[in-house]
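Model the full assembly from the supplied sequences, consistent with the hints where possible.
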Amino acid sequence: MISIILGVLFAGMSAPLIQVRDTPNDAGKSITLNWQFLSESPASAVVVQRVEKDGEPVVVASLPGSERWFVDEGVIDRQPYRYRVGAVSDGDTLWSEWSEVVSSSPQFFNWARLNILVSMVVFFVLVIYFIENARAGRYLFVRRIAGLDAVEEAVGRATEMGKPIVYVPGLGSVADIATIASLNILGEVAKKTAQYDSALLVPNRDPIVYTVAREVVKEAYTRAGRPDAFKPDNIFFVTSEQFAYAAAVDGLMVREKPATNFFLGTFWAEALILAETGATTGAIQIAGTDSVFQLPFFITACDYTLIGEELYAASAYLSREPLLLGSLKGQDYGKMLIIIIVVFGSLLLLLSRIPQLGFFSKIINFFNVS
Amino acid sequence: MRRSLPLALCLVMGIIMMIQFFVPHPVSVAFYDLTTKWIRIVSAFALVLGVGSLVLYHTDRLRRKRAGWEYSIVTLAGLVVTAIIGLGWGVKPGSPLQEVLFKNMLVPLNASMFAILAFYMASAAYRAFRARTKEAVLLLIAAFVVMLGMVPVGEAIWHKLPEFAEWILSVPNMAAKRAILFGVALGAIATSLKVILGIERGWLGGGKG
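Protein sequence lines, in the order shown, are assigned to chains A and B. Start counting the first sequence at 417; every next residue gets the next number (our numbering). Start counting the second sequence at 8; every next residue gets the next number (our numbering).
Because the hints were derived from the structure by calculation, they are not lab data. Among the clues, some could well be false.
Sample of chain A residues lacking proximity to chain B, with all beta carbon distances greater than 12 Å (derived) [stated by the list, open to error]:
{"id": "1", "residue": "Val-467"}
{"id": "2", "residue": "Val-474"}
{"id": "3", "residue": "Arg-498"}
{"id": "4", "residue": "Ala-552"}
{"id": "5", "residue": "Thr-693"}
{"id": "6", "residue": "Glu-725"}
{"id": "7", "residue": "Phe-775"}
{"id": "8", "residue": "Ile-780"}
{"id": "9", "residue": "Asn-781"}
{"id": "10", "residue": "Phe-782"}
{"id": "11", "residue": "Asn-784"}
Restraint-style ranges between C-beta atoms, simulated for each label pair [unchecked claim]:
{"id": "12", "chain 1": "A", "residue 1": "Ala-477", "chain 2": "B", "residue 2": "Ala-163", "range": "46 to 54 Å"}
{"id": "13", "chain 1": "A", "residue 1": "Asp-493", "chain 2": "B", "residue 2": "Trp-45", "range": "23 to 31 Å"}
{"id": "14", "chain 1": "B", "residue 1": "Leu-176", "chain 2": "A", "residue 2": "Leu-556", "range": "35 to 43 Å"}
{"id": "15", "chain 1": "B", "residue 1": "Ile-164", "chain 2": "A", "residue 2": "Ser-460", "range": "27 to 35 Å"}
{"id": "16", "chain 1": "A", "residue 1": "Ser-762", "chain 2": "B", "residue 2": "Val-107", "range": "55 to 63 Å"}
{"id": "17", "chain 1": "A", "residue 1": "Ile-544", "chain 2": "B", "residue 2": "Thr-89", "range": "44 to 52 Å"}
{"id": "18", "chain 1": "B", "residue 1": "Trp-174", "chain 2": "A", "residue 2": "Asp-493", "range": "48 to 56 Å"}
{"id": "19", "chain 1": "B", "residue 1": "Asp-40", "chain 2": "A", "residue 2": "Ala-461", "range": "30 to 38 Å"}
{"id": "20", "chain 1": "A", "residue 1": "Ala-591", "chain 2": "B", "residue 2": "Ala-90", "range": "21 to 29 Å"}
{"id": "21", "chain 1": "A", "residue 1": "Leu-556", "chain 2": "B", "residue 2": "Val-34", "range": "37 to 45 Å"}
{"id": "22", "chain 1": "A", "residue 1": "Phe-525", "chain 2": "B", "residue 2": "Trp-96", "range": "46 to 54 Å"}
{"id": "23", "chain 1": "B", "residue 1": "Asp-40", "chain 2": "A", "residue 2": "Ala-477", "range": "24 to 32 Å"}
Please read all numbers here as calculations on a predicted model, not as lab measurements. C-beta atoms are modelled at their ideal positions from N, C-alpha and C, and glycine is treated no differently.
Following this line, the structure appears as structure tokens:
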């Protein structure tokens with residue numbers, strides 16, 4: 417009789433089938449639940465209950481009926497828990513069986529990042545191999561980069577005109593790799609300005625970048641044998657505000673009329689404001705950034721633009737240090753590997769659409785980093 | 008010592024942070040949080056140096072009466088007034104710093120600078136679209152099609168134009184973007200590795216040992 421009544425009440429609905437597990441690849445204190453309904457009829461809501469050993473069941477979540485998973489982050493590591501899920505329909509709840517006992521624990525390795533580790537190791541081996549090659553004195557060909565070839569000319573021009581050079585190390589913090597690359601280039605540019613006896617102005621937006629930039633320029637002048645020519649006041653902090661910084665650098669360019677402007681590092685919306693103002697002052701402009709959104713602006717408004725990776729290659733290219741050039745070669749082979757993987761992955765994806773070859777999708781999943 | 012200590016610190020911290028990326032254990036997460044706090048503390052100290060630099064730079068401009076020295080008065084006055092208001096009345100919502108200086112001065116000034124971008128875009132577009140080379144012609148045609156595809160008149164001219172514009176953005180444009188991003192990612196990793204291993208020393212002023 418009861419089963420008939422329940423059958424009428426939950427017509428078309430079945431109790432959820434529940435799966436529980438310790439959330440993988442996490443810092444613990446988390447259990448993941450999945451459930452499914454055998455029938456197609458949706459519940460209006462889903463309730464999740466948890467019970468500790470010898471404890472009373474407590475509701476830990478009330479979710480919309482369309483939800484099929486829940487992560488319980490209110491648990492204590494290594495405590496046993498059991499769960500059940502209730503499908504709510506017309507005010508009545510149809511409960512699943514209690515799950516098996518589960519407990520959470522922190523993991524020591526994030527297996528979802530295994531692919532990143534593998535590719536990182538492969539890339540590191542490539543870079544170190546070519547650095548060792550360079551150390552052994554083997555010749556490494558590096559293609560010409562027009563923007564970097566122009567650095568010497570740009571510094572020379574400033575000397576001839578008796579005008580300063582403005583170097584903008586971007587708006588990024590020192591934690592941005594593009595800023596580090598820019599500071600590396602700054603060292604090489606400063607060495608050249610010291611040799612040519614040109615004035616180098618470096619306005620900064622980040623206080624840490626400012627302190628590092630000052631040290632970089634000071635060291636470069638000392639290495640060039642011109643420590644007396646170093647003017648600490650020429651490397652200065654402006655402001656942390658994005659557009660106030662852009663206004664200040666614009667003002668500097670308009671007043672000082674520099675012969676050359678360098679815009680190298682991380683840039684955002686102010687990229688075009690800086691580059692266009694610099695272009696109107698008639699300066700030679702060399703820009704470089706890893707931001708794909710700002711690159712078109714620099715390409716349009718500057719004489720030379722270092723596109724993406726060229727920014728990272730600049731320090732090696734300018735210094736011509738064999739060890740640094742070796743790493744460039746490693747990068748090239750890394751790119752070749754990526755091209756091979758992209759072509760191979762595309763083929764596998766096509767083949768995995770054939771029902772008999774569906775297992776290829778597992779290989780593709782290995783490359784998934786989400 | 009002046010060079011070897013930062014290099015050793017960089018090597019040790021670089022390797023630890025690389026390992027940390029793969030270890031989700033709470034100890035690893037706590038260490039990451041701790042280093043993030045260190046960065047904030049170092050930044051606070053660096054800000055003092057930054058303000059010092061700002062004051063020195065502008066007082067020097069005032070003393071030497073360099074071109075535009077009048078603006079240095081505005082900068083220094085702004086610095087002092089902001090500091091007095093911030094220290095005296097606090098920085099909470101509703102304070103004079105928030106209401107007067109931030110909402111009524113800084114925000115409109117920032118917005119004005121941002122608005123100038125539209126004019127710069129127009130002048131940059133004019134320069135980019137002068138069909139002097141084959142590449143510039145290609146750029147001009149692609150930009151023309153995309154712009155036309157984004158407005159209703161484009162659809163009126165040819166009903167498939169919006170679709171074609173979308174294709175230009177999502178296929179050839181995206182392919183180029185991704186190619187740059189691959190290079191950027193590898194360049195960033197290689198630069199990090201060089202800095203960690205002490206091969207790249209430009210950030211220390213360059214040179215050996």
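Hints and how they fare:
no.: 1; hint: Val-467; result: holds, 25 Å
no.: 2; hint: Val-474; result: holds, 24 Å
no.: 3; hint: Arg-498; result: holds, 24 Å
no.: 4; hint: Ala-552; result: holds, 15 Å
no.: 5; hint: Thr-693; result: violated, 8 Å
no.: 6; hint: Glu-725; result: violated, 3 Å
no.: 7; hint: Phe-775; result: holds, 27 Å
no.: 8; hint: Ile-780; result: holds, 17 Å
no.: 9; hint: Asn-781; result: holds, 19 Å
no.: 10; hint: Phe-782; result: holds, 16 Å
no.: 11; hint: Asn-784; result: holds, 16 Å
no.: 12; hint: A:Ala-477 <-> B:Ala-163: 46 to 54 Å; result: holds, 51 Å
no.: 13; hint: A:Asp-493 <-> B:Trp-45: 23 to 31 Å; result: holds, 27 Å
no.: 14; hint: B:Leu-176 <-> A:Leu-556: 35 to 43 Å; result: holds, 38 Å
no.: 15; hint: B:Ile-164 <-> A:Ser-460: 27 to 35 Å; result: violated, 49 Å
no.: 16; hint: A:Ser-762 <-> B:Val-107: 55 to 63 Å; result: holds, 58 Å
no.: 17; hint: A:Ile-544 <-> B:Thr-89: 44 to 52 Å; result: holds, 50 Å
no.: 18; hint: B:Trp-174 <-> A:Asp-493: 48 to 56 Å; result: holds, 51 Å
no.: 19; hint: B:Asp-40 <-> A:Ala-461: 30 to 38 Å; result: holds, 37 Å
no.: 20; hint: A:Ala-591 <-> B:Ala-90: 21 to 29 Å; result: holds, 27 Å
no.: 21; hint: A:Leu-556 <-> B:Val-34: 37 to 45 Å; result: holds, 42 Å
no.: 22; hint: A:Phe-525 <-> B:Trp-96: 46 to 54 Å; result: holds, 51 Å
no.: 23; hint: B:Asp-40 <-> A:Ala-477: 24 to 32 Å; result: holds, 27 Å
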